[in-house]
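There are 2 protein chains.
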Amino acid sequence: MSSPVLRVSGTTLTVLLCGLVMAYGSVASSGASETGKQIAEQGAANASAVACAFCHGADGGGNDASGFPRLAGLNAAYLEKQLLSYRDGTNKNPVMASMATSLSPGDLKEVAAYYANLDAVSHVMAPADVPTATGEKLAEDGDFSQRGLPACVQCHGPGGQGVGSAFPPLAGQPFLYLVKQLEAWKSGIRGNDPLGMMKHVAKLLTADEVRSVAAWFAAQPVSQGPNSKDNRKAKLVAKTATPAVHTGPVAHHGEVEPGREPKNIGYFVPPSREEFPDGPFGEKVRQGEAIFNYTNTHEVSRQYVGNEQACSGCHLDAGRLANSAPLWGSWVSYPAYRRKTKTVNTFIERLQGCFKYSMNAQGSKAKHPPAAASDTIVSLVSYAYWLSTGAPTGDSNIAGRGYARVAETSLGFDPGRGKLVFEKNCAVCHGANGEGQWAQGEVVFPTLWGPNAYNWGAGMHKVNTAAAYIKWNMPLGISSSVQMYALLTDQEAWDVAAFMNSHERPQDPRFDGNFSRTARKFHSSKYDYYGKLKKPDGKLLGKDAPRK
Amino acid sequence: MSSPVLRVSGTTLTVLLCGLVMAYGSVASSGASETGKQIAEQGAANASAVACAFCHGADGGGNDASGFPRLAGLNAAYLEKQLLSYRDGTNKNPVMASMATSLSPGDLKEVAAYYANLDAVSHVMAPADVPTATGEKLAEDGDFSQRGLPACVQCHGPGGQGVGSAFPPLAGQPFLYLVKQLEAWKSGIRGNDPLGMMKHVAKLLTADEVRSVAAWFAAQPVSQGPNSKDNRKAKLVAKTATPAVHTGPVAHHGEVEPGREPKNIGYFVPPSREEFPDGPFGEKVRQGEAIFNYTNTHEVSRQYVGNEQACSGCHLDAGRLANSAPLWGSWVSYPAYRRKTKTVNTFIERLQGCFKYSMNAQGSKAKHPPAAASDTIVSLVSYAYWLSTGAPTGDSNIAGRGYARVAETSLGFDPGRGKLVFEKNCAVCHGANGEGQWAQGEVVFPTLWGPNAYNWGAGMHKVNTAAAYIKWNMPLGISSSVQMYALLTDQEAWDVAAFMNSHERPQDPRFDGNFSRTARKFHSSKYDYYGKLKKPDGKLLGKDAPRK
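Here the protein sequences come in this chain order: A and B. If you want the numbering used here, it's the 1-based position in the first sequence plus 879. If you want the numbering used here, it's the 1-based position in the second sequence plus 879.
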């Protein structure tokens, strides 16, 4: 937020208030915006806009009956963007357009900042007559395999509490508001979503599903800010102890985007989450799923994770999704000979390899991957085994195993071109510097490079592997590895993978102290930037990779 | 062999020779029998018997063209029994009957001792026109699953070199002799086999199979005595390096004993040995099979074995056989919760449990079971996984898993009754004191109790488990776990299991220093004799169990 003294205000009132702020520095130090407060509580000075509070509540908690959203505690940049969208018509709402156009962009920023600074609050009463079982399932798990539909919380964060400036909280928003927004995305009335993500996602939902998912989010408690780390895990524990009872299957989607018809007939179908087994084995399976999704924060597994990664970052839909390196594809294929290790590895050794490389276990509290008999490994093995129920042992050619390939292009791949692809398509989630995003103490969009990313030994550091993963799985909700529908061209996928993997990251744990020997021994592939590309400091990538 | 001076001879010549022996003590010390030599080389003194050498060769190497067997180096007790069988008609052969009846039982013993003392030799030329691929397969692997037919070498020992006094060598015997014997078992002309084993087995072979297996054994090199440890392993290595090329499938058997029709339709069928995969993974699979069969002597695994047991001792047909705790039944069922460990165990932990208990790893060179990433475990896991090719993951109710149960009887079980069952049915292979039998450095019939047996923590030490295994799998070649054909009644199976498991064996590795606490904690089952039965020395079983 800009400082009041440097700000150029568009209203006389604001100038006046600036003086007040200068006189009463304590207000400025609180971060609150008096201009925003004034508009929110009393409307525009020239009466061209009514007070926001009139509809959105004195505390910004929204109006449930009318479906006016809560604003308190939402991200300032998000709120500002919404107001600007009413002005530019990318979100069509006559009332809000009138308000937004009557205020200057500067005023809009002030109002947004004001509401962002309030304590999050909601007065929503979720409708009692709308069943939420389907909505809960879609919100928490999505329907990746049938229609390429990610879980809502995959972007909106744990509990739907919101993530950064692009993914607002859904928890505690009025049922009517949420329904209306999903309908608006579908119809095109609202079109201000990054990459058209919400347009794609909303079109995959039936009217009943829209109501169910809206009712479920409306009923979710509101969290006080994005840094409450306990929220999601408390929920997770509760979920593990007493699984939700689902009363019916997810209805099939009524409307299908052209080209997105389900193509997954023939892919192995793992047992559904409603079929979790009972007893001690079932507990291990559930714990395995939780570890898979929250590897870096789960109390059992976090000691082995030396970065901010979770298994589910590279294996979507909790390891269920075809062509997204599903667990069932691996389970039936191991033990197997691996060129990487030059020997036959068991499934457990393969899992330990994920910790060694993708989780950079060397940098963890334990400093090594979990042992074969550890709770972490036994849980993950139990989960993988259970997910594979019915899959034929030894079918290493099972359809959907690993990632779907992406054809090489005549142009090859280029980090420079990839940078533009990244900025346009990836930065909204992963951050301008690939730093990722967190919410409720959990990683939502993983770090792509730097010390918190996968290390120089991980499979994902190879451009071809990354291109294959990205092409068919990114961005969430648009591309689908099952329907084989992709936003990025092959060329874009290769280039952005090259861009991602031409950044520094933790040292290869096989590094033996001799950089050029390590590069020669393990990084001779043409898809590998280790020891090949110079960084701005003139040093080769990998040369001074952080070792921890 | 009895001492010459104490021996009561039936011939004048022998008395004379006794004097000679007394005068020339060096002959006696060589162990050679002059009476036997005399009869063998020159016939009976009264000319009632021609010299054995006339037909069986001067060196006892047999006569290939006529099909007269080699005698040199065979077990003395075995040879003596055969001669007595000609006398009593349990083996009908007019020529040999004439010879055997013209000599006294004492003379027969002398002749037998004489040949037993010669160096093993054979002059056999295997027939060039009889294909041996089928025979080799039957000899080495049998056809357990289709017709309850164990491998010939399962009783006749590695390479068919013979085991003890009941199982003569087959290697280097004349083709015609072997064919004639198998036909004689079938027809009943020869009926002097223990428990009728050979009668059962021979009836399961077609005429072509008889010829093929005879041709294969005829061609096998003769080993010098039962203590040449390298024979089998050299063969094993060769087999691993260059697998035998089998030119055709095993012909289906033409004659089926009543009640022995194949009932295995519906059991999972593992890939055949002809389908071993290639490359490094295939090598691990082959090594896994070798470790499974020769756990206590294989150079990779022996360091973890603290007794004289191999996996195949309790899992017949190299872990392939339904209702004999096949590997494929376990593979698809793990990880699983186990009451024994009170937690969820992976397949690898289950394997390590076998080493801990059934192999008594504590007493091994390594003093602990193999680690999860050890060559031993990776090989066994590779083998189990490969054997399970096509089996549905998670099908823990797969038909044929574990052992087939045996119903409890109104009499319960009793070691005293079991002793009689054991002596009648089991001692011929496992020895009068359950000590087992070895040949070519390999265990052929495992030790059942004492310091070289499974320990007090092994599953087999439970009477119910042992009864189930014994009922449907013992004796080899008669009972069949697939055809559900059994020699022993339920009562006999329970009683003999009780007899076997009421002997001392290595201490339970869970023993915590307090005998009664260990007994209470781990041995409260009514099927468990640990801490319950008094030994002759007045101490409870398990109290002073050997700890190593």
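It is possible that some hints are incorrect.
Chain copies aren't distinguished; within one or between two, either way the pair holds.
[To be verified] Okay, derived cross-link-like pairs now, DSBU-like style, lysine-lysine, Cα gap no bigger than 35 Å in a straight line:
| # | residue 1 | residue 2 |
| --- | --- | --- |
| 1 | Lys971 | Lys1219 |
| 2 | Lys1059 | Lys1418 |
| 3 | Lys1414 | Lys1059 |
| 4 | Lys1244 | Lys1221 |
| 5 | Lys1219 | Lys1246 |
| 6 | Lys1059 | Lys1246 |
| 7 | Lys1244 | Lys1219 |
| 8 | Lys1341 | Lys1427 |
| 9 | Lys1221 | Lys1246 |
| 10 | Lys1082 | Lys1221 |
| 11 | Lys1065 | Lys1400 |
| 12 | Lys1303 | Lys1427 |
Bear in mind the hints are in silico, worked out from the structure with no lab data behind them.
Hints and how they fare:
no. : hint                 : verdict
1   : Lys971 with Lys1219  : neither (54 Å within a copy, 66 Å between copies)
2   : Lys1059 with Lys1418 : neither (53 Å within a copy, 83 Å between copies)
3   : Lys1414 with Lys1059 : neither (49 Å within a copy, 83 Å between copies)
4   : Lys1244 with Lys1221 : both (28 Å within a copy, 28 Å between copies)
5   : Lys1219 with Lys1246 : both (21 Å within a copy, 32 Å between copies)
6   : Lys1059 with Lys1246 : neither (50 Å within a copy, 69 Å between copies)
7   : Lys1244 with Lys1219 : both (26 Å within a copy, 32 Å between copies)
8   : Lys1341 with Lys1427 : within (21 Å within a copy, 51 Å between copies)
9   : Lys1221 with Lys1246 : both (24 Å within a copy, 29 Å between copies)
10  : Lys1082 with Lys1221 : neither (47 Å within a copy, 49 Å between copies)
11  : Lys1065 with Lys1400 : neither (52 Å within a copy, 65 Å between copies)
12  : Lys1303 with Lys1427 : within (33 Å within a copy, 68 Å between copies)
Comparing the model with each numbered hint stated earlier shows that hints 1, 2, 3, 6, 10, 11 do not hold.
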